[in-house]
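Colleague: In case you want the letters, here they are:
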Amino acid sequence: MQMTMIQALRSAMDVMLGRDDNVVVYGQDVGYFGGVFRCTEGLQAKYGKSRVFDAPISEGGIVGTAIGMAAYGLRPVVEVQFADYFYPACDQIVSEAARLRYRSAADFTAPLTIRMPCGGGIYGGQTHSQSPEALFTHVSGLRTVMPSNPYDAKGLLIACIENNDPVIFLEPKRLYNGPFDGQHDKPAVPWKDHPQAEVPEGHYTVPLDSASVFRPGSALTVLTYGTMVYVSQAAAAQSGIDAEIIDLRSIWPLDLDTVIASVKKTRRCVVVHEATRTSGFGAELAALVQEHCFYHLEAPIERVTGWDTPYPHAQEWAYFPGPARVAAAMQRSMEA
Amino acid sequence: MKDKQVLRLHVPEPSGRPGDKTDFTYLHLSPAGVVRRPPVDATPSSTSDLAYSLIRVLDDEGQAQGPWATDIGTEPLRAGLRAMIKTRAYDARMLIAQRQKKISFYMQCLGEEAIAVAQAQALREGDMHFPSYRQQGLLLARDDVDLVEMICQLMSNEKDPIKGRQLPVMYSYKRAGFFSISGNLATQFIQAVGWAMASAIKGDSRIASAWIGDGATAESDFHTALTFAHVYRAPVIMNVVNNQWAISTFQSIAGGEATTFAARGVGCGIASLRVDGNDFLAVYAASCWAAERARNNQGPTLIEWVTYRGGAHSTSDDPSRYRPADDWAQYPLGDPITRLAQHLERLGAWSAQEQEATRKELDAEVGAALKKAESYGTLSGGRMADAATMFDDVFESVPAHLQTQRRQLLGNQR
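In the order they appear, the protein sequences are chains A and B. Residue 1 in the working numbering is what sits at position 1 of the first sequence, and the numbering runs on without skipping anything. Residue 1160 in the working numbering is what sits at position 160 of the second sequence, and the numbering runs on without skipping anything.
I should point out that these hints are in silico values taken from the structure, not numbers from a laboratory. Ideal Cβ placement from N, Cα and C applies to all residues, glycine included. Among these hints, one or two may not hold up.
To be verified - Derived BS3-like pairs: lysine-lysine, alpha-carbon spacing no greater than 30 Å straight-line: (1) A:49 x B:1174; (2) A:192 x A:46; (3) B:1371 x B:1101; (4) A:46 x B:1202; (5) B:1174 x B:1372; (6) B:1360 x B:1371; (7) B:1174 x B:1371; (8) B:1021 x B:1004; (9) A:49 x B:1372.
Stated by the list, open to error - Facing chain B, a subset of chain A residues (Cβ under 8 Å, in silico): (10) 58; (11) 105; (12) 134; (13) 206; (14) 334.
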């Protein structure tokens, strides 16, 4: 059936709460109200207050209790209301969740999923717009996942809940209600009738560690994820460049084989993400591409990213790496 | 116009520094037996007085006094005394092994043995402790944790059950109800609350026990844990071991100067007790009280155990640089082993000869275990888990990038 990304995420949690008594869902405003983005709406009424509940405003407490629950044997799915708010949970994520299996030689493990809406485009300013994925990919022991459409969102979230590693599940909030391509002054496009908005009602998974070829092409490869998949698509359309757009989906561990195969085929590579540029995940992608594809490259690897500034409020669209910036990078790559 | 008052920053100081004699009146001790024992279903706010007084059972003559004195018979007490003697013998042997460079680092619990050992006795099989690094007594009070295996962890040798991944003393024993120790202080406090919440979610009967030192209560995880434990009425015992010192930092710098650590609990809606941690009978009784509350769905209990860190913080520390050298000898609540031995002697269930024989027997047992553990290699001896195993357990299975890095380690660049 047709679902928005919000409905697909809710459906994933609904399916898993129904299938596995050990799944619990909690976070700020998650219980009775159903979350500020409505992702958990109705789940408390359906599964009861001991399975779906509200948490105090304490990201460290939410993640810390989830680690204890996971060590007990539950599979907690917790929500950090905005990715910008995960910093108080840093110690619990980096030093604890990510390392528990390792430090105890698998005596204890922490199979938990931490959902957090990320990215800009909603006039959220510096505290409701960040894309902190590179802070997680730098940590050994964490999986970092970001879907770009309702079908992947549900299948990936189920795969994450069933996975025995701790997962950071980043939800591009600008995609919750439609495939936003960065053209902010045009009317919003809903998910309705989009092919990836056709979502099975029951259980299915999208495998982790697997990228998808979002748009096949031959002129150059775009490596991206989340909202920037649609921005890159718009850039290809604007520029007329036949770009092959790879949607990483699992940011880390990465499906390196798909990346290498595409770049070796097109011989040009543009990396696109919304997060700040320096030490961003694009730097890792550029390094991997040059390590594995250097002798195939016809042009320097281009990076299109957010600027190295905090996410501004009023100047949001000057900050956001929209289709024009991506198209210009594609053009430079083709002309090099 | 009124003159402006000049503002001054208050930086707390201990009442004794090297060369001085510590004034221990800051401890605000209560006489043994005088502090009331409320019913197990007491409301948290009604325990307020218990957070500022000090629950003691054993008086200076070794007699059990007052409402917290429970008659559990002499056998459990003899077992507890034996476990404390074993813990002290283990620590003494491991300190020497560290000086001999057989292990890289060690942390003893001299003077604090009663707290872990008595609580180990008060809890049940299946309960889960989330210890800090000075609760080895929880393991040594059990007869199903192999001393040799524990020492192999200290030596990071080929039989180290955690494969050399962690510093010495960071044990992990799920089967013995002992959560993996983290070197990041306070993190386990909130995790224990989560484990307890999970037990309640599942309708289980097992409870959790969280452990933290006075110093680490300043971390936000401590305060977060109090909030979550109160909010969800989690079945958890929240132990604050106030041994007065966090490395060189006196407990007043952690916020113990004008209040008690137990008082934090009352403010959060948690039943709270302040207890003599060197009094085995008091530790046992208070632990039982808290465990019963937890098992009855009456929620968490915070217990501040007032004790004294008899030794250095770790083998890397020299306390004579910041506190009087004879501080532990002067500590008014004494030595937990001496005090329980005195009590049992009064009951005719212990003697100086038995104590010496027990000490020798356990020292020999630890010595033999040490020798056996050494036969599997020491840190300096080079026999340890294969370096290639460092890529295991980062994730459940080894992903491609770590397979590549393992090949690189082994000398195969691709």
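Colleague: Does each hint hold? Answer for all of them.
Modeller: Against the structure, the hints come out as follows:
1. For the suggested pair residue 49 of chain A and residue 1174 of chain B, the alpha carbons sit about 29 Å apart, so the restraint of at most 30 Å is met.
2. Taken as a hint, the residue 192 of chain A and residue 46 of chain A pair is honoured in the structure, with Cα atoms around 26 Å apart against an allowance of 30 Å.
3. Simply put, residue 1371 of chain B and residue 1101 of chain B have alpha-carbon atoms about 14 Å apart, close enough for the 30 Å limit, and the pair holds.
4. For the hint pairing residue 46 of chain A with residue 1202 of chain B, the CA-to-CA distance comes to about 17 Å; that is within 30 Å, so the pair holds.
5. For the hint linking residue 1174 of chain B to residue 1372 of chain B, the alpha-carbon distance of about 24 Å falls within 30 Å, and the restraint holds.
6. Between residue 1360 of chain B and residue 1371 of chain B, the direct Cα distance comes to roughly 16 Å. Compliance with the 30 Å bound is thereby established for this hinted pair.
7. Between residue 1174 of chain B and residue 1371 of chain B the alpha-carbon distance is near 26 Å, which keeps this suggested pair within the 30 Å criterion.
8. Of the supplied pair hints, the one linking residue 1021 of chain B and residue 1004 of chain B is violated, its CA atoms being roughly 38 Å apart against a limit of 30 Å.
9. A distance of roughly 52 Å separates the Cα atoms of residue 49 of chain A and residue 1372 of chain B; the hinted pair therefore is violated under the 30 Å criterion.
10. Against a cut-off of 8 Å between C-beta atoms, the interface hint on residue 58 of chain A holds, since the closest Cβ of chain B lies about 5 Å away.
11. Because the closest C-beta pair between residue 105 of chain A and chain B is about 4 Å apart, less than 8 Å, the hint holds.
12. A cut of 8 Å between beta carbons decides the hint on residue 134 of chain A: the least distance to chain B is about 15 Å, and the hint is violated.
13. Contact between residue 206 of chain A and chain B, as hinted, is not supported at the beta carbon level, the nearest pair being about 17 Å apart and thus beyond 8 Å.
14. Interface hint at residue 334 of chain A: violated, since its Cβ lies 31 Å from the closest Cβ of chain B, which is beyond the 8 Å cut-off.
In this structure, the hints that do not hold are numbers 8, 9, 12, 13 and 14, in rising order.
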